[in-house]
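Asks: The chain contents come next:
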Amino acid sequence: MAVKVLIPTPLRNLTNNQAEVLAEGGTIAELITNLSNSYNGLRDRLVDENGKIRRFVNIYLNEEDIRFLQGETTVLKAGDQISIVPAIAGGK
Amino acid sequence: MSYVKALKCRECGQEYEKAAKYVCEFCFGPLEAAYDYDKIKKDMTREKIASRPLNIWRYRELLPVEGDKYNTLQEGYTPLIRADRLGALLGLKNLYIKNDCANPTHSFKDRVVAVASTRALELGFDTLACASTGNLANAVAAYGARAGLKRYVFIPSDLEKGKIIGALVYDPNLIAVNGNYDDVNRLCSEIAGKYKWAFVNINMRPYYAEGSKTLAFETAEQLGWQAPDQVVVPVASGSLLTKIWKGTQEMIKVGLISQKKMRVFGAQAAGCSPVTTAYKAKVDTFRPVKPNTIAKSLAIGNPADGYYALKTIAESNGGAEMATDPEIIEGIKLLAQTEGIFAETAGGVTIACLKKLAAAGALDRDAVTVAYITGTGLKTQEAVADHLREVKVIQPNLEAFEASQSTPVSSVS
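Those protein sequences? They're chains A and B, same order as listed. Here the working numbering is used: the first residue of the first sequence is 1, the next is one more, and so on. Here the working numbering is used: the first residue of the second sequence is 1001, the next is one more, and so on.
No lab work stands behind these hints: they were computed from the structure. From the three backbone atoms N, C-alpha and C, an ideal C-beta is built for every residue, glycine too. Keep in mind that a hint or two might mislead.
Derived DEER-like restraints, expressed as beta-carbon distance ranges [what the hints assert, rightly or not]: (1) A:Thr15 <-> B:Asn1173: 26 to 32 Å; (2) A:Gly41 <-> B:Glu1017: 17 to 23 Å; (3) A:Ser38 <-> B:Glu1017: 28 to 34 Å; (4) B:Ala1019 <-> A:Ser38: 51 to 57 Å; (5) B:Lys1392 <-> A:Asn62: 52 to 58 Å; (6) B:Gln1074 <-> A:Gly51: 28 to 34 Å.
The list that follows gives simulated cross-link-like pairs (lysine-lysine, PhoX-like), each with its CA atoms no further than 25 Å apart [what the hints assert, rightly or not]: (7) B:Lys1196 <-> A:Lys52; (8) B:Lys1311 <-> B:Lys1356; (9) B:Lys1333 <-> B:Lys1161; (10) B:Lys1005 <-> B:Lys1041; (11) A:Lys52 <-> B:Lys1333; (12) B:Lys1041 <-> B:Lys1261; (13) A:Lys52 <-> B:Lys1041; (14) A:Lys4 <-> B:Lys1196.
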């Protein structure tokens, strides 16, 4: 089952400049593994050496930050949309 | 002439050209302007600064623009007021208020937008955009109008009326989003990837954020070229606090002020306190929260610079506090009634936290203390409207006036 993943500008050089890609995965962690298999180098940008999602990477499932869900173990279903967003923006 | 060498990743040090880029392609860390401090040290003197107009551009060597054509409304050089009446109440002997309500659109956001819009013009953009909790919306709408730029302004749909009108009057494309600021921000990050706009707090962030340093520069200049001993700063994304620290360190580095150990304290609303909560729990990473506070301009549950704010607080041996909604309202009233400054809810947070920090002994009572008031209360009137005295309406005669007073009024005759 494939879900749609929105790719931020800084990562598009790894996805042949595609802003959206499809990827398989039952959970966020599986999705990241599968994405990384399709697009070389993506894994290192998203997770650190201990396999944790990097501090400056936000991942959203259908507009909700996965840290409010079950993090990397959050379960995905058909029709879901994932957005990867650099954690840089904001007010004061 | 530019003193910026490149944009540089704060995490891994990778350098980039001075374009509209904000995130490191290697580690996703934030990019920041990297200056030639040796050159600045030679060129930037107190005398030169003093000879320039009273606005943020008097510190232009430490601002990330290339030329000398500024998109300005004369922002900055706002009053630094000695606050003896408030200080006496809180037990602080050397308290000052930096009143940034006195900016063209009545908040400190004019500083950052003046810099971001100037840089956007230099880079050839024709559209200025932002994700905003209100004050930034006003500044982007106004400064974009002044520069003749198209403007797209995204806000949470539940903003205060004063902030919506304060943006709409400049006629930007104002888009209210069903959701909180973090939702707006995420949407804007996606939009920024699609359109070639200058998003001041996204792809222009390395330039934009530097504008906040001017608060530190002015404070030091207004104190007779010395840094304060301790500062209390409202925290939303954490950028302002981090940049006040950075600006102070830069002034030391280029020889404008002497070395000083300044302590930095963060102020958050209890209904949105990821940074203060992490500080109190003694951890260096925060957990995002869903905001629920009347201090909407501080309602960022997933602060972009939260990590750096925590680091700055630790490095400066400072601290962090939080204020509940009733304490925020009390804070607004306290500042207004002792010093004559009507602050927005974020200012209420700052004053309430200042009070708590002083009461707890976290602040040195003899030290030079500066509290930053970043926006005007006229934009968030809803917060205090039901907590003030009622207006008495009388007939236009002397008896009616005297009857309306609960205590006798002393007369001159």
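Asks: Tell me, which hint numbers fail for this structure?
Replies: 4, 6, 7, 11 and 13
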